[in-house]
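For the record, in the sequence shown the residue sitting at position 8 is 8 according to the UniProt record's numbering, with numbers rising by one throughout.
It should be emphasised that the hints constitute simulated quantities derived from the structure, not laboratory data.
Keep in mind that the hints are not guaranteed to be accurate.
As the list claims (entries may be wrong) - Restraint-style ranges between C-beta atoms, simulated for each label pair: (1) Lys96 <-> Glu75: 27 to 35 Å; (2) Lys115 <-> Val93: 31 to 39 Å; (3) Asp98 <-> Arg78: 55 to 63 Å; (4) Gln72 <-> Glu101: 37 to 45 Å; (5) Leu107 <-> Leu87: 29 to 37 Å; (6) Val93 <-> Phe73: 52 to 60 Å; (7) Ser114 <-> Phe84: 29 to 37 Å; (8) Ile102 <-> Leu61: 38 to 46 Å; (9) Ser112 <-> Asp86: 48 to 56 Å.
Positions of the beta carbon are idealized from the N, C-alpha and C atoms, including for glycine.
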Amino acid sequence: MQGAGKRPTKVPDRYNPSASYRTPSILPTFDLSLNMSDNESSTARSISPPIEDCQPDLRSLLLQFHTDSKKQFKESQRQCQNSFLDLKKDMTVDLKKDMTEINTNLLSILESTSKRI
1 MQGAGKRPTK VPDRYNPSAS YRTPSILPTF DLSLNMSDNE SSTARSISPP IEDCQPDLRS
61 LLLQFHTDSK KQFKESQRQC QNSFLDLKKD MTVDLKKDMT EINTNLLSIL ESTSKRI
């Protein structure tokens, strides 16, 4: 393993902490004139606005996403709680019916046993 433990003599700029940092654009920019004639290129440019005009403000986009996510979460949570409460009510009603039936059966067993004695 030759060269193990050796540091490179030149560090690339992207790893150099003292290098100036440029924030990359969020969306790539495209040259619409690629593989088009001049007439097609001007038509494409007049139809679609420049990419810079289409980029939404990242902060407002993230804020909107966060707000929408919170709304969706709260709605899902509400639906889940409602489903749970409905299930709890159904189970309580079923349990009461079962308990009533058990009590009735126990009473009939008790009566029949007391008649035998």
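Worksheet item: Which numbered hints does this structure break?
Response: The structure breaks hints 3, 6, 7, 8 and 9; every other hint is satisfied.
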